[in-house]
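On the provided structure of chain A, position chains B and C as indicated by the hints.
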Amino acid sequence: MLSAEDNSYVTKTGPGAPMGDLLRRYWVPLLLAEELPEPDCAPVRVKAFGERLLAIRDTSGRVGLMDEFCAHRGVSLWFGRNEDNGLRCPYHGWKYDVNGQCVEVPSEPAESGYCQKIKLKAYPCVEKGGIVWAYMGPADKQPDFPAFEWLDLPPSHRYIAKRWQECNWLQAMEGGIDSSHVSWLHSGELHTDPLHRATKGAVYNGDKTPKFEVVDSASGMLIGARRNAEPGEYYWRVTQWIMPWYTMIPPYGENALNGHAWVPMDDENCITWSFTYHPTRPLSEHELATMRSGGGMHVEVLPGTYRPVINKDNDYLIDRALQKSGRYYSGVAGIAMQDASLQESMGPIVDRAHENLVSTDNAIIMARMLLKKAAQGLARGVEPRGLKQETHRVRSASFILPADQPFAKARAEDLVARPGIIHTGV
Amino acid sequence: MLSAEDNSYVTKTGPGAPMGDLLRRYWVPLLLAEELPEPDCAPVRVKAFGERLLAIRDTSGRVGLMDEFCAHRGVSLWFGRNEDNGLRCPYHGWKYDVNGQCVEVPSEPAESGYCQKIKLKAYPCVEKGGIVWAYMGPADKQPDFPAFEWLDLPPSHRYIAKRWQECNWLQAMEGGIDSSHVSWLHSGELHTDPLHRATKGAVYNGDKTPKFEVVDSASGMLIGARRNAEPGEYYWRVTQWIMPWYTMIPPYGENALNGHAWVPMDDENCITWSFTYHPTRPLSEHELATMRSGGGMHVEVLPGTYRPVINKDNDYLIDRALQKSGRYYSGVAGIAMQDASLQESMGPIVDRAHENLVSTDNAIIMARMLLKKAAQGLARGVEPRGLKQETHRVRSASFILPADQPFAKARAEDLVARPGIIHTGV
Amino acid sequence: MLSAEDNSYVTKTGPGAPMGDLLRRYWVPLLLAEELPEPDCAPVRVKAFGERLLAIRDTSGRVGLMDEFCAHRGVSLWFGRNEDNGLRCPYHGWKYDVNGQCVEVPSEPAESGYCQKIKLKAYPCVEKGGIVWAYMGPADKQPDFPAFEWLDLPPSHRYIAKRWQECNWLQAMEGGIDSSHVSWLHSGELHTDPLHRATKGAVYNGDKTPKFEVVDSASGMLIGARRNAEPGEYYWRVTQWIMPWYTMIPPYGENALNGHAWVPMDDENCITWSFTYHPTRPLSEHELATMRSGGGMHVEVLPGTYRPVINKDNDYLIDRALQKSGRYYSGVAGIAMQDASLQESMGPIVDRAHENLVSTDNAIIMARMLLKKAAQGLARGVEPRGLKQETHRVRSASFILPADQPFAKARAEDLVARPGIIHTGV
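Chains as they are written, first to last, in numbering that gives the first Met the number 0: chain A, 0 to 425; chain B, 0 to 425; chain C, 0 to 425.
Treat the hints loosely; a few may be bogus.
Since the list gives no way to pick one copy over another, a pair counts as held whenever it fits inside one copy or between any two copies.
[To be verified] Simulated crosslink set (DSSO-like; lysine-lysine; CA at most 27 Å straight-line): (1) K199 x K311; (2) K210 x K116; (3) K127 x K46; (4) K311 x K161; (5) K94 x K210.
The set of hints was computed from the structure by calculation and includes no laboratory data.
Bear in mind the structure is a predicted one, so any value in this text is a computation, not a measurement.
Next comes chain A alone, as it looks inside the complex:
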């Protein structure tokens, strides 16, 4: 449980909040590149850490992220004209480049240099892996660009999606590092999905009371879920948590890998990113079709909003008959919305003063502690984990070990991204 003060500390990310300062030290995945499909396309409203921003792609194809509102009298530049390498306010023709620099104020003599004094808040952007990433922290602290394995794969090897989730980012992320719910909430999927059923891991997974071991890592932490396998052996499923908001889910056999990131829009909404990729082969048509129709970790979203079709306004289309049958353990269809429905049901920001944590929550406890320490350390000049590229070059894995071997060390090489070599899954 957390005091009200601690709960506020780890959940609030607006300008000036310590956790907001911490999260702004990382490159932030904000948009799908396809949201800005071509030069001079329509600007896109973006909300990040409570800031109202606008993303554009200019005539030269450069992506910019800047304050949504014109510096002149505050109208939304979403109505702006994206033309000739800049966004022009339709009110009086003020024009900004992708860096937020004002390059023209038509009413003022050009020789006055007035426009050079006008600059919108703007953040550097990089486009990679089908994602527009922004850096929203202090300019002198900009870290290296993320080096996740899937960013360097051919596009055919990955499928990336985002959706709007209606709760605080931490609440969503805690669901992601809480591996113990899988055997319950997602048990319908484990029992029915043909790909899952075919793996030994899925069989071992029938043990609904795994033990969890959590160890510190350079990236953040490793979460080992231990189940009994054959006598004298344990079946391990190892999740990577990479600071500040990434998880990598352990694979079943040679199935594709999956990961998530939870990025605050504001304190009561976040973007949930889902990354599916295979290190050594293209995703199959069957896999892609499944994901596009809301299967796997993925979700069908309403056009233009990234809000799931299944959402709280329709009670997530809960089906009590399918709940009874066990097809969907909670009656909600799909792994992603099974998670989101429960996470959102806690309210926009859950009050952690009333929770009762148990041993299977140790990853959650440690993540909160690491985040709080990192935010506190920042104030003292200590750089947080997860900034360096080597901390990104990791993998989740599942494997079987003799009972006396430590999961994090015995198979250390399986927990590292090895280009061209397939991941380790059971």
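This is chains B and C only, laid out in the frame that chain A set:
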């Protein structure tokens, strides 16, 4: 008029509010039994006195009312699986019985006894008269179960309904004890309904300026509306107000009896219960059909919500032509929504500092005083009225008396529930 | 830029706010007369300066504006019966005349004179020019009735409309006195409208960087937009701003004149009035048809609400292809919604601490100053401008002047309303 402080005192019923403490000393009608139609049916979200609760019927048919949120990390148990005599959280399988007692925490060794330490807030429930009643007060203060006459009648003799009303409970109840509005707001019904028209009472009721006498009673108070009848005689209509939220409406002739209760959902919403019953005969098909289609005291509601079809979002489908004609005095159809539309039009909690009360408001004045005194008395250990069963065994009545006889004493036997004997109505 | 304190000072108009006190000193255009189409028609809810009011037309045709809520227990008199020269509350029959005076409390003996003590807050109304005007200030300060030229024209010569705008009144009005946006935001209209294209003014208007001169006037101020015409000549477009909320837009040639008024509903909503009139001829069928279908300064509104069909919920039906083509500079159709979309995009009350004003904003700067000074003066007993009838008898104009002549003096007679004589336009 009430000061802001007094207005707050009588209207606020959340945890810790004096009026909330008072109301929690009574058995509370919360759900229709039909909302929990069978063992292991879907849980139902309930809001009462600002508390978010969940009602279930378990495998054995027992009804439970408990905190909506799991004690573990706070997800809504509305998504839970109601199975094997308990509600199981779909997140990690924690299971609760109808008393809110946790009976299983799968991740913890059973021998640890951990689950026994986990108990959700829960309230005892009793099912009677087609209603699920709960007691939400201190365990050692639980009163006898309500003994209203209609609770012991065969189901054929009664028709009971609830609807969501979008205003504070007291505002709605004040409308119920304000008999003086009947000759105005409901005059369209009095003049056109064939059952009403056939009674002498309806004729006398043409006198639009009755005098009101209010006297204390063991239940709460008796409200006598006096009109001139034949020379030397008065026509009396006597309403029972039973602490804390019940009214019984005086009958016309041998027509069925009607009553109401107003139960706070939160401070800006309440449940309005309507009870129609006949002490000595089944309700007729005609009566039942009328009520089911929104006639009498009743209302058509939207499926699943108990919100009236006619509501503030559609301006109560006011019909100015029917208002002009007098068919509906305010232009709104139906007695129930005529009342609710005006009560809701005052705003969620009316500011009583600006009202101008007149002699016909004496019942309202006295009810506020009795409620305030009862809440104050509670703090000093004084038990409020309306807890004891004999205070429930009362009836409303209408009769004619010689001008010199006191309405509350001259016909005292008519104001008592007498099983098997028809009520007294003119 | 304005400090938070100053911004609050000029934008807040509720009871007791200094700017609210100032605005209440003027006659307020509140309803179209057609909203009260006949004697004893349905009452109309009106929100003005944050006050919830009700407008009625009684049996004698008199218009009244009074508190929406009954003095008895506070139900909305919108449900009232408008009959026999008064509005009767449907709850208990209390009746009010157009002055808010209670004329009947049925429950009380007439001889008690009780009802005479009951009076709703009410404001005097006058119907003129197709508009219901109210005076909401101190009774002893009531000014002469407005004497705008168009009020005295035959109805055939004018077209008047109102719409609901979802932002603070000042924000909307600042858009109205900001003539410099016309060459940008409305450039699509200037280039395509056949009436505009035919005038020399429209040609000169191609100069997108006019200079603005603002001079004090007895009415408020004169805003002169100066553009180069033939050598040695200037093309002037002169806007009248009449305290506290009127603008008159300079004409193109002999086209009809246009004006606006922005009246606060509350601090986050206003009514935008649009007045189109011709001083010397009836408006043509073509002009009327254009305006009725949302052309010119006008807008199509949703039935019953005066909310534009194009509004923020549908992103003003922005069309990026027509934005690209320049047909609509911002992609939003119609002059009125081009303005409203941007003004609303600033948020309900824009934070003026972050603006960067330039020379073309001098009218806005002066208007704020005049309003603030007028509100401050009021407290010292100084009467504000715009109360006297001669300050209303003005006209906007456009003309060509030798370069050395001052726009406000050289053609002073063109800036005065001259009945029967056409306005001056280029």
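Quick rundown of the hints versus the structure:
1. K199 x K311: So K199 and K311 fail the 27 Å test inside a copy (36 Å) and across (54 Å) alike.
2. K210 x K116: For K210 and K116, only the inter-copy Cα distance (21 Å) is at most 27 Å; the intra-copy one is 60 Å.
3. K127 x K46: This pair counts as within: shortest intra-copy Cα distance 20 Å, inter-copy 48 Å.
4. K311 x K161: both (18 Å within a copy, 25 Å between copies)
5. K94 x K210: between (59 Å within a copy, 20 Å between copies)
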